[in-house]
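Asks: Chains as they are written, first to last, in our numbering: chain A, 1 to 79; chain B, 80 to 486.
The reader is advised that the hints may include incorrect statements.
[Unchecked claim] Simulated pairs of lysine-lysine, DSS-like, Cα-Cα distance not exceeding 27 angstroms:
(1) Lys203/B <-> Lys9/A
(2) Lys56/A <-> Lys203/B
(3) Lys461/B <-> Lys483/B
(4) Lys257/B <-> Lys483/B
(5) Lys54/A <-> Lys203/B
[What the hints assert, rightly or not] Some but not every residue of chain B turned toward chain A, in silico, with C-beta under 8 angstroms:
(6) Arg143
(7) Gln147
(8) Ala207
(9) Ala239
(10) Thr459
(11) Phe463
For the record, the hints were derived by calculation from the structure and aren't laboratory data.
Using N, Cα and C, we set each Cβ at its ideal position, and we do this for glycine too.
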Amino acid sequence: MTREEIIKKVAETLSEEFEVEQDVITPDAVIYDTLDLDSLSLVDLVAVVQYTFKVKIPVSDLPSVKTFNDLYDYIESHQ
Amino acid sequence: MEQRVVITGMGIWSCLGQTLDDVRQALYDGKSGIIFSQERKDMGYRSALCTYVPMPDLKKKISRTQRQFMPEEAMYAYAATEQALQNAGLDQDYIDNHEVGIIYGNDSVAEATMNALDRFREFKDTSACGSGAIFQSMNSTITMNLACLFRLRGINLTSAAACASSSLAIGNAYLLIKNGLSDCIITGGAQENNAYVVASFDGIQAFSTREDEPSKACRPFDKNRDGLVPGGGAATVILESYEHAVKRGAPILAEIVGWGFSGNGDHISTPNVAGPARSLELALKNGGVNPTEVGYVNAHATSTHAGDGREAMAIKQIFGDYAVPVTSTKSQTGHEMWAAGAAECVYSMLMMKGGFIAGNLNFEEPDEETACVNVIPETTEKHFDMFLSNSFGFGGTNSTLIVKNIE
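Chain B on its own, in the form it takes in the complex (with noise of 0.2 angstroms):
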């Protein structure tokens, strides 16, 4: 039998701020997370915008040695998470007693990995390495280190699928609930925010180079976007299906009611519109949903050309002549990238329980392509009960999930 599955916890750990009400607050203030960064400059960067996330303090709460086994990507995971689970009602005596399991993005160890290597190359001695390089840099190592930290005993699974890594995270870890075969999974995903992790993003050019004006270089969908601007931090949300979750007596703050995804079978960078649409679609058609039904599509939009063009054509053809309110929160955080997906639905989570839609900063005019969706400038007092959250990524990967409030 199909299971209802809800969201009854959220944690947040982003260059906007580290709790659930300071987020809520910079969405509402348009908030830019930006900053130009003096050290990535002078290390090489054509461009140097950033974001800040700060380091969670784990010392008093994980030990040296475990801690040993954690990159600064599993650290942010581990503070969003345990405020996920606190909101949820969560303490480690329940989850000790139940089976309760993780799906985690997140796609990259860059700056473990590296560290290990140079250490290994320089010393010619493997041990040189230290004893957490093996853990710190497997992708998998959010999922290892938070299972062993939090004691979980159901499934642990790590989602890499680029940009919509989290957002496929949550689409998973949905569907095994919905199939009833787990009651409780902990979701969502993290990203990397040092000076290495997208050195090699940037040299494709991919980033907005308008660096004397940091909180002005996001401006997905308008005319004058210039690339995007790269970002990290972790988001995480507790799934539980409604039984579980009402025989708890959990928080229940929402219901997942749609996921849809696709391929593109394209480009391995240049997006197209074919294959997100088939997301959208799938994900009305998954959940039952009536385009019309959608307030609000937090959009995947990133600020470049061909992705914000292509993913406002998307919207188009599935929600026609509806013109179903727009944004992407980018504007404010950059890419989130592996933990975008996650980040976003806490986000559209925050303006849903909020009642208004964060403004898209620096939309300004749209272009051709841009024009056909309804972008929100400026925030907005909106009550609205259902969100739609786009996630798409290299290779052609996309995801969309679906979400309807419950009061």
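Excised from the complex, chain A in its bound form (with noise of 0.2 angstroms):
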């Protein structure tokens, strides 16, 4: 998947499972503050990323994916 399919699919993703618009969904906004995630759904961003993009994020790699652009970073280099 090319980082523009990746972006793409994580806005239709995310917006659908957490209920927020897709363009709230930017590089630089906070993952947590936009999706107002608590520490269970969390387990929910963690388990969608794993069924869309087949990449697992172990917890010990959650403090680094702060923002969507980590996200697509994180995705891009271990798909």
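Bring the two chains, given one by one in their own frames, into a single complex with the hints.
Replies: So this is what it looks like as structure tokens:
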């Protein structure tokens, strides 16, 4: 998947899963704030990324994934 | 001191309708909620008869995070409970300042469990189950969700007793209030209605195969019955002590005057006569009710040969020469299983308040066992002030409620 495809797919899947508008999912936006995540719904982020991109984000890597840009980087480098 | 226990509100989410008015009319009109599902047939069902129950749209009422914890049956239960609370005039402010409990019937979480474990097995990773899976896939999912959503601070308990689950939920709520341990309890039952929950039930060939005539498939007490039709949905009733209801100016609809229960101590799926008869007898005895005071019996009868016949004989044994009117509303709704006792309590309440008995659809001719009861085949205008509702379940668990009208 190209980076452009990853960006488009992230916007589509996360907006549907977390019921937010696609346009709030921007590269510099902070994921936790944008998707209103708590400790439980964070598990859903990990699960959705896993189903959609077949990429597992271990708990130890989560602190480094703060913005959507970080998430695109992570998916791109772990495909 | 023993308390009188009254019903002050009810709500329904059923294949016959999703408001009390619509369901009352559907009962009166003899509407059938039974359909044929090509989807189930394609999946491999022997009998693809079922019911259609719409999913309530809760997006505007419950946050996404909270909905993640709710399987289908909890959503049905929420919708029925919201109606019942409104019907009872119980708002959130009142609930926040008083101890209101919940006892609700549920005995499966099949689809939620399957979805979570499918993902776990596919990805070999527990977090793939998602955040809601643990809360969706426990049998107490309805009571845990509703207690948090409505901020309930009283008893919080799930009743799991097969097809007697919700009747026993109401019975236990009645007992707690009667004994002065609670003032107000939300009670009822829900049943998931997806294509997975009853796959194994279909596997034991318990369902009617009259697929070419869905509305004629469920025919309790009829000679040509050939099995049940699975259904789903939810029903809620609000129980309060009479004193509590009067004090808060609640609408008092009816009074639970008797509850009986028993175990067959016998076969896991084949019922007997003695067990149900003891449940009926105990309900009458506990309520101090003479059988002739009962104006209508809402039977458990699911449209199986063994079950309907033995229930008919149990009714005959207890009511003797008094030909009490009997119907099974499952002829219209299919078998709402874990929700059945509560749903049938609501259906019977609607009939009692509406002055009619909904006809037992498809009752054309009795067989040797069912000829002993007075089955009402067509909707009949009839005033009655007391009904008895039976619910029986696998494992030989029986529950009988007796409810008296309050004008």
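Asks: All hints are to be evaluated individually against the structure, with a verdict given for each.
Replies: How the hints compare with the structure:
For the hint pairing Lys203/B with Lys9/A, the CA-to-CA distance comes to about 24 angstroms; that is within 27 angstroms, so the pair holds. With a C-alpha separation of about 11 angstroms, the suggested pair Lys56/A and Lys203/B falls inside the 27 angstroms cut-off, and the hint holds. Pair hint Lys461/B plus Lys483/B holds up; C-alpha atoms about 15 angstroms apart against a cutoff of 27 angstroms. Proposed proximity of Lys257/B and Lys483/B is supported: the alpha carbons are some 15 angstroms apart, at most 27 angstroms.
A C-alpha spacing of about 12 angstroms is found between Lys54/A and Lys203/B, which places the hinted pair at or below 27 angstroms, so the restraint holds. Residue-level restraint check for Arg143/B holds (minimum Cβ-Cβ distance to chain A is 5 angstroms; threshold 8 angstroms). With 8 angstroms as the threshold, the beta carbon of Gln147/B comes within range of chain A, its nearest partner Cβ sitting at about 7 angstroms, so the hint holds. Nearest Cβ of chain A to the Cβ of Ala207/B: about 5 angstroms, under the 8 angstroms cut. The hint holds.
For the restraint placing Ala239/B at the interface with chain A, the shortest Cβ-Cβ distance is roughly 25 angstroms, beyond the 8 angstroms limit, so the hint is violated. For the restraint placing Thr459/B at the interface with chain A, the shortest Cβ-Cβ distance is roughly 49 angstroms, beyond the 8 angstroms limit, so the hint is violated. The beta carbon of Phe463/B is not positioned within 8 angstroms of any beta carbon in chain A (closest approach about 48 angstroms), and the interface hint is therefore violated.
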